[in-house]
Every structure is written in C-alpha cells, then in structure tokens.
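2 protein chains.
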Amino acid sequence: MSFLHHHPFSAASRYARLVLSEYDEAVEFVEEKPWVRNAALLALNPAGILPIFIDDNETVVAGGSVITEYLVETKGARMGEVRLMPEHAADRAEVRRLVEWFAGKLHGEVTNYLVTEKIYKRQMKQGEGHTSPDPAAIRAARANVRYHIQYIGYLAARRNWLAGRELTLADFAAAAEISVIDYLGEVPWDADEAAKAWYARVKSRPSFRSLLNDVVRGVPPAPHYVDLDF
Amino acid sequence: MSFLHHHPFSAASRYARLVLSEYDEAVEFVEEKPWVRNAALLALNPAGILPIFIDDNETVVAGGSVITEYLVETKGARMGEVRLMPEHAADRAEVRRLVEWFAGKLHGEVTNYLVTEKIYKRQMKQGEGHTSPDPAAIRAARANVRYHIQYIGYLAARRNWLAGRELTLADFAAAAEISVIDYLGEVPWDADEAAKAWYARVKSRPSFRSLLNDVVRGVPPAPHYVDLDF
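Heads up: the protein sequence lines correspond to chains A and B, in order. Heads up: the first sequence at position 24 corresponds to 24 in full-length UniProt numbering, and the numbers run straight through without jumps. Heads up: the second sequence at position 25 corresponds to 25 in full-length UniProt numbering, and the numbers run straight through without jumps.
Excised from the complex, chain A in its bound form (with noise of 0.2 Å):
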C-alpha cells in the first residue's frame, strides 16, 4: 500500500492527488495540518512540506512536482497516452516550465495568500499561531490573480491543453491551484472564457472528482465550485 500525507486544500496536495488518480494508483491519505510541525514528517522531510508520498516500497518523496516527476519515472510507463509528460526533451522543458510558474509564481501570488486567510488560520486552534486573516494578503491575491487566468486563457486560446497539443502535468499544477481559489470564489470567470473552458475540460474528469467533494467546515465553496457547466 502506498501513502500520502496531504491538506485538502493544499494545492500541491491536490495536484499529487490529481495526478495519483489519473494513474489508477491506489493510495491511503492521511490528512496533515500543515501549519503544525510534526516530529515524524520532519524526519521524511526536513522541508516539512506537505505532500509526502510513500511509495509501497517504502520510497518517501516529498512535494508536489518532484512527486509527480516520480510517478512518471515509475509508473507513467503504463500510461500510454496519458502519461502526462510528452515524449520530446523541449516538449518535456516546456511542461516543467509550466508546472514551475504555476506551483511557484501562482501559488506565491495568490493561492498561499488565500488559502492561509481564508483556511488555515480558521482551521487553526489557540496555539497553532492563529491570528486574524490579514485583509492585505487577501487584496494582494485578489490583485495578482487576474492576469494568472489571463495567461492561462492565453495559453489555452493557442493550444490544446496549457503546455501543447497533450494533456500533461501542467493542466494538473494549474487546476490544483485554480481548484483552491475556485472554491473560495475568488476566481474572476468573467476575465478570460478560454480559461473558463479549459477549467471546465480538466474539472470534468473523473480524477477531479475526490477534490470537488472537499469541504471546510464553516467555509462552503462558492456555489459553482461543483457544477461541471459553471
């Protein structure tokens, strides 16, 4: 049996979560909190960056795209067509160029701002560092992520999925990222209908599933999080 430890509302979580159900495999989640450091996390990863994959032979890797890289490596084999990174070297550059700006850039920008004011700090209990949300950090995501779905309907206007004619790990990192801000309603649909379409194809397979039936206690998702024609 393989594991892994995650936050639902951690995109990279979501992201690995995304691309472990695209491949069929068969996984036990554990959910972390992960604003609390855990002794036994920090000895997988001193990063105590969440999330951690163990492998059933006991491999532990940790973080959203080093974790999907491996899945590739060791499982993508059998994948055939979705095997989410193409064939060529520059095609392959590309896709990781991708998954960089939107894990890095996006997350930075907009979904670590959000998901910290909006989630975690109401998830947080006394001692767990818990403080109001920060109403700068959440004008700040709402400034930066226009111009995210602008560039995302740029790339889907021109292309087929974000990094080309395939569908690959790229259209994983950003939807698990647009996943989280979605359910907050903090995406601005109105912006871009390229984007609004792509979203629309990525959230409708059945790997998208298991995300669309997350829930936050005391935060419901805005009212088109579920709909797959929003």
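One or more of the hints may lead you astray.
No copy labels: a pair is met if it fits in one copy or bridges any two.
As the list claims (entries may be wrong) - In silico lysine-lysine, BS3-like type, Cα no more than 25 Å apart, as pairs: (1) Lys121 - Lys105; (2) Lys75 - Lys105; (3) Lys105 - Lys33; (4) Lys121 - Lys33.
Just so you know, these hints were derived from the structure itself, not from any lab.
Model the placement of chain B on the given structure of chain A, informed by the hints.
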C-alpha cells in the same frame, strides 16, 4: 551555437553555467540585467526569469532547474559517470527535492535578499528602480544563512555528495547559491566544518573557475572567495 542569457550573480544562472561547463557545452553568454524588463526576453519566456538557454536547434528553455533537467535529458547520455542525475527514480527524486530546496528556499531566504540589496541595487541606474539597500532584508538573510549551511553540513557529513554517493545537480544547485553568498562574505564558514569541506571540493572543479573570475564593480569579493583552500 547555443546561448545562455544570464547575469553573473544570478544564482540560477550560475547553476546553469556550472552544469553547462561540467557537460563541456560550448555556449555564447549574453549578459542581461534581471531588474530590467526586456521585451525580447519576455517574448522568449513570460516569467521574465533568468537564465534562458537557447539550444543550437533553437529550442528555448527558461529557468535554472528546467534548463539543467533539459541538459541531462539531451546531453547527459554521453556523460557517463558525471551525468549528474542518478539512475533510479527514488535517487532522482532526492536530487530534485534538494534542488528545489536550494534554488527555492535557500534562494528565497538568503541569496535573493543579499544579491538584490548588495549587488543589483548598486548596478541599477536612475529609473531602473534604484533605492538604498534595505538593512532588514540583509538582517533576514544573515539570520537564515546559518541553518542552511548546517543543513548542507548535515548532508555532506552523512553522504559523499549532497544527494548521495554521486555528484549530482543538487551539489551544483547548492554551490551556485553559496558562491554568490560567499562572494559577499556572508557565509558563516565557522558554523560547519563538513559544509566547508564539501564546498572546497565543489569549488575545486574546473567548472567553477569562470564563476570565481566574475567581479562586480564597487563590490570586491570576500578575500577568500577565489581561494580553493579557504
């Protein structure tokens, strides 16, 4: 002919330079200012990041980690033992975890502060965003650098190289960051003997020579910067 658009004190650029040199790739270097928006470069990569590698087949690859993965995939096969990526997926995941740690976390917590405040701001002209160095940023870098050096020492004391038995991309990602910090005299070498011994080994490689010749006008290197036996 292939090209690398870079800045001599961008750590990600240095990371790509080291790997290109280890691979004996003939490259033409084009110096850029990371703080100036350059329309031609933005057309090549909308993230506007350095370095950018243009392969002799005109493939454009942006970003230190993406470039080095591309080099391993396209030129690594002929490198034999100094391929810089191990054969097994679990070992490759460890390399990628460390590259992300050094190019992401060490960079964000230390190198980026120091290079921005002490080098880029000095090189900026009026109208390019020039302001005085921010002492708070420099203090943050100095507070953070120590545990990074200790982590490098921890790895180096337990393994032959940072990611394991073999020299890998992880050593060059780390050394590229350290080399910039060291130029500025901000590495607390007394904090960890094993880290120092590891850096002396990387620094002695021929691929390091060109880095040791880089100089910023007005910011002389720390006295031991070029010393292989510091």
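State whether the alpha carbon distance between Lys121 and Lys33 is at most 25 Å within one copy, between copies, both, or neither.
So Lys121 and Lys33 pass the 25 Å test inside one copy only (11 Å; across, 39 Å).
Lys75 and Lys105: within-copy, between-copy, both or neither at 25 Å Cα
Answer is neither; intra-copy 28 Å and inter-copy 29 Å both fail.
Up to 25 Å CA-CA - Lys105 versus Lys121, copy category:
both (22 Å within a copy, 23 Å between copies)
Within a copy, between copies, both or neither: where do Lys105 and Lys33 come within 25 Å Cα-Cα?
both (23 Å within a copy, 20 Å between copies)
In summary, the one numbered hint that this structure violates is 2.
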